[in-house]
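Q: Letter by letter, the chains look like this.
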Amino acid sequence: MPAVPAQDRVNDFAIKIATVNGTGSASANSLLMKAIFRSGIPVMGKNYFPSNIQGLPTWYEIRVSRDGHVARSGRVDIMVAMNAETYGKDVREVAAGGYLIYDSTWPRPALFAREDVTVLGVPLAQLCNENFHGVRTRILMKNICYAGVLAALLDLDPARLRDLLAETYAKKPQLVDSNMKAIQLGYDYAKAHFACPLPLHCRPMDKTAGHILIDGNTATGLGAMFAGATVAAWYPITPSTSVMDAFKSFCEKWRVDPATGRKSFAFIQAEDELAAIGMVLGASWNGARSFTATSGPGISLMNEFLGLAYYAEIPAVIFDVQRVGPSTGMPTRTQQCDLLLCAYASHGDTKHVCLYPANPEECFHFAVAAFDLAERLQTPVMVLSDLDIGMNDWMCREIKWDDGWQADRGKVLPLAEIVKLEKFHRFLDKDEDGIPYRTLPGVHPKAAYFTRGSGHNQFGAYTEDATEYQIVVDRLVRKFHTARSFVPRPVIEMAAGRTDVGIVAAGSSDGAVREALAVLAGMGVSANYLRVRAFPFNDEVDRFLDSHRLVFVVEQNRDAQLRSLLTLETPVDKSKLRSLLHYSGLPISSSFIIEGVLAEVAPKPLRSVGPAHGA
Amino acid sequence: MTFIPKPKVRNPSLPRNDLGLTRRDYEGALSTLCAGCGHDSITAALTEAIWGESLEPQNLVKLSGIGCSSKTTAYFVSGGHGFNSVHGRMPSIAMGANAANRNLHYIGVSGDGDTLSIGLGQFCHAIRRNLNMLYVIENNGVYGLTKGQFSASADIGSKAKKGDVNRQPPIDPVLLAMNLGASFIARSFSGDKAQLVPLLQAGLRHRGFALIDVISPCVTFNDHEGSTKSYAYTREHYEPVVNADFVPLQREIVADYAPGETLPIVMHDGSRIVLHKVARDYDPTDRVAASAYIQARLKEGEFLTGLLYVDPTQKEFHELNDTPDVPLNSLAPEVLSPGSRGLERILARYR
Ligand SMILES: Cc1ncc(C[n+]2csc(CCOP(=O)(O)OP(=O)(O)O)c2C)c(N)n1
Ligand code: SF4
Ligand SMILES: [Mg+2]
Chain V
-13 MPAVPAQDRV NDFAIKIATV NGTGSASANS LLMKAIFRSG IPVMGKNYFP SNIQGLPTWY
47 EIRVSRDGHV ARSGRVDIMV AMNAETYGKD VREVAAGGYL IYDSTWPRPA LFAREDVTVL
107 GVPLAQLCNE NFHGVRTRIL MKNICYAGVL AALLDLDPAR LRDLLAETYA KKPQLVDSNM
167 KAIQLGYDYA KAHFACPLPL HCRPMDKTAG HILIDGNTAT GLGAMFAGAT VAAWYPITPS
227 TSVMDAFKSF CEKWRVDPAT GRKSFAFIQA EDELAAIGMV LGASWNGARS FTATSGPGIS
287 LMNEFLGLAY YAEIPAVIFD VQRVGPSTGM PTRTQQCDLL LCAYASHGDT KHVCLYPANP
347 EECFHFAVAA FDLAERLQTP VMVLSDLDIG MNDWMCREIK WDDGWQADRG KVLPLAEIVK
407 LEKFHRFLDK DEDGIPYRTL PGVHPKAAYF TRGSGHNQFG AYTEDATEYQ IVVDRLVRKF
467 HTARSFVPRP VIEMAAGRTD VGIVAAGSSD GAVREALAVL AGMGVSANYL RVRAFPFNDE
527 VDRFLDSHRL VFVVEQNRDA QLRSLLTLET PVDKSKLRSL LHYSGLPISS SFIIEGVLAE
587 VAPKPLRSVG PAHGA
Chain H
8 MTFIPKPKVR NPSLPRNDLG LTRRDYEGAL STLCAGCGHD SITAALTEAI WGESLEPQNL
68 VKLSGIGCSS KTTAYFVSGG HGFNSVHGRM PSIAMGANAA NRNLHYIGVS GDGDTLSIGL
128 GQFCHAIRRN LNMLYVIENN GVYGLTKGQF SASADIGSKA KKGDVNRQPP IDPVLLAMNL
188 GASFIARSFS GDKAQLVPLL QAGLRHRGFA LIDVISPCVT FNDHEGSTKS YAYTREHYEP
248 VVNADFVPLQ REIVADYAPG ETLPIVMHDG SRIVLHKVAR DYDPTDRVAA SAYIQARLKE
308 GEFLTGLLYV DPTQKEFHEL NDTPDVPLNS LAPEVLSPGS RGLERILARY R
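Chains as they are written, first to last, in our numbering: chain V, -13 to 601; chain H, 8 to 358.
It should be emphasised that the hints constitute simulated quantities derived from the structure, not laboratory data. Computed from a predicted structure; not experimentally measured. Just so you know, even glycine gets a beta-carbon here, dropped at the ideal spot from N, CA and C. Careful: at least some of the hints might be erroneous.
Said to hold, decoys possible - Below are the PhoX-like pairs computed for lysine-lysine, each with C-alpha atoms no more than 25 Å apart in a straight line:
id, chain 1, residue 1, chain 2, residue 2
1, V, K406, V, K416
2, V, K234, V, K337
3, V, K234, H, K322
4, H, K322, V, K249
5, V, K386, V, K239
6, V, K158, V, K234
To be verified - Residues on chain H that point at chain V, a partial pick, calculated with CB under 8 Å:
id, residue
7, V68
8, A101
9, M102
10, H132
11, L327
12, N328
13, D329
14, P331
15, N336
16, G346
17, Y357
Okay, chain V solo, but in the shape it has when bound (with noise of 0.2 Å):
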């Protein structure tokens, strides 16, 4: 991207802040994030961490947009070096006019050398040495104090972070003192020793009212919680697990009776993830709104089990907070590499609906809709949300609730219509839009039915004979169709002027697509933006892509998953499908569409900028 004067970048940079994972620095950063939100400046904070718990390199990226923007930009401007480690790496990442600070206690200015960089050194651990006593504290304290080293740099208000600690600590008033003697020792060097603020800096602005910042996966257990799911089963795997220890500490906050202590949900650690599905399945069978979450490995896993629900017909939400793949992969690290994985789930024909939520506001109304989705449509659906979305805290909407709202719980036949039946068939097509009714055991004998996986008829009994069989397998197409008109729309944005560019992106690849589109059109390259949000795709996706000359299709994994779930299932010509494709664990940044984009399409010089320079 071409530089842009220091002088113009109030509230517009990124800070990249480089620590050992297991030393406190997670309370700092998130701390720093907070106190720039609260001063009504819309910031990003995203945590590259590793697979291990202490002692491993962790780095945390802050960026204050003034305009909004909540992706990577792909460019750093302040690094705070706090892991000696990776001094090297991180002095080369710094952007051209971009600052350093490192903890001077060990003067390394060889290490330093760039001249186009300003280093800024801080003796942070000889601070906290002289002021703090014991180790532990003595690291946890350093780690706050870059903190204080940052707040004066960038004109944030101690008084605000002082607030902060406060909400953080209410429960241990002596950590807020504590915390605050750091931030004050760093506050007080660099306004000491260097010209505070430096030009790239914070001023307060009032863009963040009716916004909160959370995380994805919180923002799911939450929206299960409001969906009224009652039974949690799920084996712990990152990124997904704190889906559920969100929704169980929500649920042991309301969900408790008071008087009994009697606890109205049901929360299993199961022995592995074929097991977890299976009791979301038997839930769910049995009326409950159930719910499983886990990451690519977990769905390996429940491969079988998502065949006999999509078969059987049993209503089920699972939660796919994806990481980096194959295999194992990178735990901890970010892709959308789970999309074919979902879609077309377990042996044999099957096909399922998914949900691509792009930010933690959505991760909670696509929870909501995910329950009432399954058991309309008597089928799993599977929310993918990413690492990304999921763990990290992402400046949103407020969420809303409607009290108005009432779950759809779907064809299920109740006593009094059951008793008016002569006899159930479970499968039956009665309102020709492919969803049978179902009956919950407990109810009447006349509605008992035996749920398998095995060959069945429409009138539920075990067939292996081929009419039977087709009748039942190519109602599930008509479901599935169906499933169109129900599951969220795409969200589409048109460029201002007229273009035949258009481009494709799913859940968190949102922000570095809407940063780039902004952009781009600065340099005359204008295209309009289809976000998918589900599968099946409805009519207007495949109006979108049948309307574009060229269309870029934007997402996070190597194999190009989402351009091929579009080839496979829409009418689209795959020749104008153009892939950008973002696989290497980071989220994506705007720069690297933009760059992809200009690859292909020539920027056009606008006719407003001015004559050129020169003689």
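Add chain H with the ligands to chain V, keeping to what the hints say.
A: Okay, now just chain H with the ligands, sitting in the frame of chain V:
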């Protein structure tokens, strides 16, 4: 399997249970198993036990995995919902179903392959959770449905129909359940209806995981000379150690038992099982001693049968979970959602 409805002739002379229902009201679809298959006898015993217990058919949930044995859930009580799941994974389906509605009766029917090979993990974990269900293993030492391969319960030295001899030690579900802390453990034989029916009834009433391992000969693949799970071998080597009489709450104990040989066990609902100890020195309430006794007899090639261990006080899943009496699938929406005002409060810390 046939779904041609059998004419339900009301025969006024047929005995009726407390609900006024006859045994016919507890029948299922016609069996498609081989004639003489042990599994069919177990189906008959189950039908008898459920009828005798006067369970409402619709309150019965029948669960199974895959195998000849697992098919049998279709062959009794067609008024109860059935769920024929996938191979070896029935316990997880049962766990979920039971979590959703604690007020129904859950009967799982499985095979030795279904439980002890592919499903061993889920079986163990259902025991750990003391899932409230009756779990019947129809144990024939082979995979019937896939045509006679040895299963994990095949004994050392047992001979397959085609001549192979099994050299690996068996996994004994009874000993395994003893070790895992199961709260109700029994063994029986498909050919001994008199022993099996009361055991099934006691298992149905037991609050917690009730395991009954039933030796159930496969006439097609494992009933020959040299098999240790044939009718002949079983009759010879299975030895009742504790017989059970199940005494429902409302009935009196009428029989007269010699003191020292009987042991009444009070179930959680007040009903009783009266155990007749055939072996005087066997104590089915002492897990360690009972295990040792069973193992000692196994060494001599004798399989003890009857109610081998019972502890009606062990807490089952819902008691441990503190779930309300109202089933989770029937809770009012107000109980489940904090509403918009609740959400406001929840989100305060994310602002
Ligand atoms: C995942 C999977 N693998 C293999 C099979 C094939 N299979 C069906 S039944 C069975 C064995 C059943 O043995 P058991 O549980 O002892 O039942 P039995 O037929 O002896 O009553 C096998 C291996 C299957 N259905 N599913
Ligand atoms: S093969 Fe064996 S287990 Fe299967 S039905 Fe025949 S006799 Fe029974
Ligand atoms: Mg078998």
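Q: Are the hints correct? Go through all of them and say.
A: Hint check:
At most 25 Å may separate the alpha-carbon atoms for a hinted pair to count; K406 of chain V and K416 of chain V meet this at roughly 16 Å. Our distance criterion of 25 Å between C-alpha atoms is broken by K234 of chain V and K337 of chain V, whose separation comes to about 31 Å. The straight-line distance between the Cα atoms of K234 of chain V and K322 of chain H is roughly 22 Å, inside the 25 Å bound, and the hint therefore holds. Restraint check: the Cα-Cα separation between K322 of chain H and K249 of chain V comes to about 16 Å, which is no more than 25 Å; the hinted pair holds.
Under the criterion of a C-alpha separation no larger than 25 Å, the hint pairing K386 of chain V with K239 of chain V is consistent with the structure, at around 19 Å. Among the hinted pairs, K158 of chain V with K234 of chain V is consistent with the structure: their alpha-carbon atoms are about 23 Å apart, no more than 25 Å. Proximity of V68 of chain H to chain V holds as hinted, the smallest CB-CB distance being about 5 Å (cut-off 8 Å). With 8 Å as the threshold, the beta carbon of A101 of chain H comes within range of chain V, its nearest partner Cβ sitting at about 6 Å, so the hint holds.
Hint status for M102 of chain H relative to chain V: holds, with the closest Cβ pair at about 5 Å, below 8 Å. For H132 of chain H, the shortest C-beta to C-beta distance to chain V is roughly 4 Å, which falls under 8 Å, so the interface hint holds. The beta carbon of L327 of chain H is not positioned within 8 Å of any beta carbon in chain V (closest approach about 10 Å), and the interface hint is therefore violated. A distance limit of 8 Å between C-beta atoms decides the matter here; for N328 of chain H the minimum to chain V is near 6 Å, and the interface restraint holds.
Hint status for D329 of chain H relative to chain V: holds, with the closest Cβ pair at about 5 Å, below 8 Å. For P331 of chain H, the shortest C-beta to C-beta distance to chain V is roughly 4 Å, which falls under 8 Å, so the interface hint holds. Because the beta carbon of N336 of chain H sits about 4 Å from the nearest beta carbon in chain V, less than 8 Å, this interface hint is met. A least Cβ separation of about 5 Å between G346 of chain H and chain V falls short of the 8 Å threshold, and the interface hint therefore holds.
Of the supplied interface hints, the one on Y357 of chain H holds, with its beta-carbon coming within about 4 Å of a beta-carbon of chain V, less than 8 Å.
Of the numbered hints listed earlier, those contradicted by the structure are 2, 11.
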